[in-house]
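Based on the provided sequences and hints, a complete structural model is requested.
Each chain is listed here by its residues.
There are 2 protein chains.
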Amino acid sequence: MLLEKIKTPGLSHLSYLVGSGGQAAVIDPRRDCAIYVEKARAAGLEITHIFETHRNEDLVSGAPMLAAMTGATVLHGPNPEQPVVYAETVRNGDCFSIGQLEIRVLETPGHTDDHIAYALFDTAYPDRAVGVFTGDALFVGDVGRTDFYPERRREVAGLLYDSLQDILALGDQAIIYPAHGAGSVCGSGMAEREFSTVGHERINNPRLQITDRETFIDLKTSENHYQPPYFRLMEHLNMEGGEAPPVVMRPRNLSLKQLNDCDADHLIDIREPMAYASGHLPGSMSLPVNMLPAFAGWFIEEGQSLALVASNEEQLATAMEHLVRIAFDNVIGGYVGVVPAAAKGEKMQQTPMIDTTEVESRLNNAQNWTLLDVRDIDERNTNAIEGSQHIYVGHLNERWRELNPSRHYTLMCASGARATIAAGWLASRGFDHIDIYLGSMGAWQAMLE
Amino acid sequence: MLLEKIKTPGLSHLSYLVGSGGQAAVIDPRRDCAIYVEKARAAGLEITHIFETHRNEDLVSGAPMLAAMTGATVLHGPNPEQPVVYAETVRNGDCFSIGQLEIRVLETPGHTDDHIAYALFDTAYPDRAVGVFTGDALFVGDVGRTDFYPERRREVAGLLYDSLQDILALGDQAIIYPAHGAGSVCGSGMAEREFSTVGHERINNPRLQITDRETFIDLKTSENHYQPPYFRLMEHLNMEGGEAPPVVMRPRNLSLKQLNDCDADHLIDIREPMAYASGHLPGSMSLPVNMLPAFAGWFIEEGQSLALVASNEEQLATAMEHLVRIAFDNVIGGYVGVVPAAAKGEKMQQTPMIDTTEVESRLNNAQNWTLLDVRDIDERNTNAIEGSQHIYVGHLNERWRELNPSRHYTLMCASGARATIAAGWLASRGFDHIDIYLGSMGAWQAMLE
Chain A
0 MLLEKIKTPG LSHLSYLVGS GGQAAVIDPR RDCAIYVEKA RAAGLEITHI
50 FETHRNEDLV SGAPMLAAMT GATVLHGPNP EQPVVYAETV RNGDCFSIGQ
100 LEIRVLETPG HTDDHIAYAL FDTAYPDRAV GVFTGDALFV GDVGRTDFYP
150 ERRREVAGLL YDSLQDILAL GDQAIIYPAH GAGSVCGSGM AEREFSTVGH
200 ERINNPRLQI TDRETFIDLK TSENHYQPPY FRLMEHLNME GGEAPPVVMR
250 PRNLSLKQLN DCDADHLIDI REPMAYASGH LPGSMSLPVN MLPAFAGWFI
300 EEGQSLALVA SNEEQLATAM EHLVRIAFDN VIGGYVGVVP AAAKGEKMQQ
350 TPMIDTTEVE SRLNNAQNWT LLDVRDIDER NTNAIEGSQH IYVGHLNERW
400 RELNPSRHYT LMCASGARAT IAAGWLASRG FDHIDIYLGS MGAWQAMLE
Chain B
0 MLLEKIKTPG LSHLSYLVGS GGQAAVIDPR RDCAIYVEKA RAAGLEITHI
50 FETHRNEDLV SGAPMLAAMT GATVLHGPNP EQPVVYAETV RNGDCFSIGQ
100 LEIRVLETPG HTDDHIAYAL FDTAYPDRAV GVFTGDALFV GDVGRTDFYP
150 ERRREVAGLL YDSLQDILAL GDQAIIYPAH GAGSVCGSGM AEREFSTVGH
200 ERINNPRLQI TDRETFIDLK TSENHYQPPY FRLMEHLNME GGEAPPVVMR
250 PRNLSLKQLN DCDADHLIDI REPMAYASGH LPGSMSLPVN MLPAFAGWFI
300 EEGQSLALVA SNEEQLATAM EHLVRIAFDN VIGGYVGVVP AAAKGEKMQQ
350 TPMIDTTEVE SRLNNAQNWT LLDVRDIDER NTNAIEGSQH IYVGHLNERW
400 RELNPSRHYT LMCASGARAT IAAGWLASRG FDHIDIYLGS MGAWQAMLE
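Note that the protein sequences, when read in sequence, are chains A and B. According to numbering that gives the first Met the number 0, the first sequence holds residues 0 to 448 in order. According to numbering that gives the first Met the number 0, the second sequence holds residues 0 to 448 in order.
Hints may contain errors.
To be verified - Derived DMTMM-like pairs: lysine to aspartate or glutamate, alpha-carbon spacing no greater than 20 Å straight-line:
(1) B:K38 <-> A:E3
(2) A:K4 <-> B:E3
(3) B:K4 <-> A:E3
(4) A:K38 <-> B:E191
Because the hints were derived from the structure by calculation, they are not lab data.
As structure tokens, this is what we get:
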């Protein structure tokens, strides 16, 4: 018997391979899904069922591709916004045997209308569920977002409350297997810990301490969540069924000349923020490789062509994985070698990093200068530097137009990482007077203490 | 935060790496312990604590080696038979911080006097344990053996009963992390499933359904368990502290001449049973590579020299891992190439495999012939072929002397695998008239149905 978590870094997406008696099921596969078949066959198992907990917003579902590879049946909950063309519909109480394991459907709407949890039973030890795949309904330390139906906000928050009661009714003994861990855009309150049970959540999850339905609804509807534009593309693909990922998951290597000639819609520097600040190719924006899953979808539109600049070939391969998982397949290629390019006399642009002393000085004296805070609204509401302005980093995708290219901007966030993305975006839009507050709010707080 | 199970196949030994905030702990490390350091450092963690649940009988503890590699402190329960020279003693209620995790000591004697369980808390979600490392006290579907103190059998079974109540008192929500899974010599009733909780065990584990202490003691003291002789060596090493494993975990490759000249105490054929039956080097015994952990310790004594015969080099490497984990380090080398040796005219010995029809015929007619059943006593008591005799495969290490080398023996077990080990052992002791019932009790039952 096998139950293995397959974690997708960046997206903090958790999928599961569960098998017994020669048979296996996958819960919420990602797009590059050969990994499930390889792991299953290495354990002598064939994948027969693919369970989706809901129509994902943040990544391309691998269910249709995995079904094509294996002949497995895809199961999906009722009431999606459009038919999920590659899946059969399951209903409350439906049961599926995977060897001696049994998977039982629990309709748990709220996060989405079609949301399903799957309770896991071992028929050899059949009394109560041993686990439950909770999708985006229940996480370790948090519960699902309920902001996807703006006109039905209170209704769907109430539905989630009811669904959580159904999950709790499985009993304290059930291990929970959620679809996301900390770092996901699908929740900001998740625990760092990725293992828990219904019982441990019942007594420790802050959201489950609220026993009044209306209070829960009030709280959920007061939450702030962001929806990057690429969510719409994911929703569409995950009803129609996305395409198989590229067979080769490494971008073509580009020479500097090829890079300069390729005319990509976006030139994306995926090196670490401090490398970008020290020198980057003119016109390039900054999306550090590990931040691609959370931020690429704010700035890149469907079908746009991308050229990458990286520190090494492994970064390029990792970037391609991240991009393909959110359907940004149009990667023309990647270039490695910024320092060698500089050594050949190629012009480099810099984005200075400044420290707290300099920020303080400018706050007191500077003219034609703005300290622009790009953290999210919850962070901003917790504390803010007096005199700074606020635009969320993702919202700069459109709101950069509100800014004045002849003005001097210092970008800040919590540490300097998101500020570099913001600075790079503005630089790629033609802003010349840009710098980054290294350390940002963290350094500011340390100065105050 | 990290919690990873490191499984040792063959021994079905489960150890755990748990970390948070730059710090990590290992629970019950195995002897080849670099894996824990590599996994910890890959996650940005340094191992500071090594927790032993008890003095293991079935494998060499890696605690002293891992402590030497990392500087970590080894913690062990009170009341071992001799001082555990490499460990500090912990007591009920002692607490250790690993980043934001807390590990709390629970004295749980019964399996051994020094047995400890370790409850795991997340200080960010502090209400009740999120998990418990149960060692050999509580498994998925079974509880620990209590046969290690023959003169105190009822007392220690009672101690285990009390210890299990203390584990149950942690609450249904706690995930259990036992030291063994199905296939281990430390329990025969374990579930195939390796994930469970205190709650799921409380309502499903057959042993935990017994709520009367005396009934539990009666049941535990009526169980049959085997103690291979190498257990004594492990017990000794795990108090004194074993040596580091060899740096290179592949045996030296031997030519046929080197193999013939090496004068090893045991020539061990680690190929699969049916390959051994078809032809093996004279004098070799059969211990298929995946059966080494369970059966080598019956036939090999401390310090004896071993030469291996394998199908390929990977088998040799796997065999060395298995052997080193139970302190059989004196591996002279390994030979690959039985078929090429035969092609050079090297003499091969065969051990015929016979079928049910032949066994039936012999049961009716054969003279000077014995059907020898080598299954364990519980299997034998469940069903047996009339006219067969019984000696447990492991007990042939001594009891082969009771047999008559001029008599014809057919070996049987449940399938034919252990029968091949028994046949090979007798062949290596000079028995000439040996064959194997292929399919054994399984085939016999299929014939009856």
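Each hint, compared with the structure:
With a C-alpha separation of about 17 Å, the suggested pair K38 (chain B) and E3 (chain A) falls inside the 20 Å cut-off, and the hint holds. For a cut-off of 20 Å, the pair hint linking K4 (chain A) to E3 (chain B) stands: about 11 Å separates their Cα positions. Using a Cα cut-off of 20 Å, the hinted pair K4 (chain B) and E3 (chain A) holds, with the two alpha carbons roughly 11 Å apart. About 18 Å separates the Cα atoms of K38 (chain A) and E191 (chain B), which keeps this hinted pair within 20 Å; it holds.
In the structure shown, no violation is registered for any of the earlier numbered hints.
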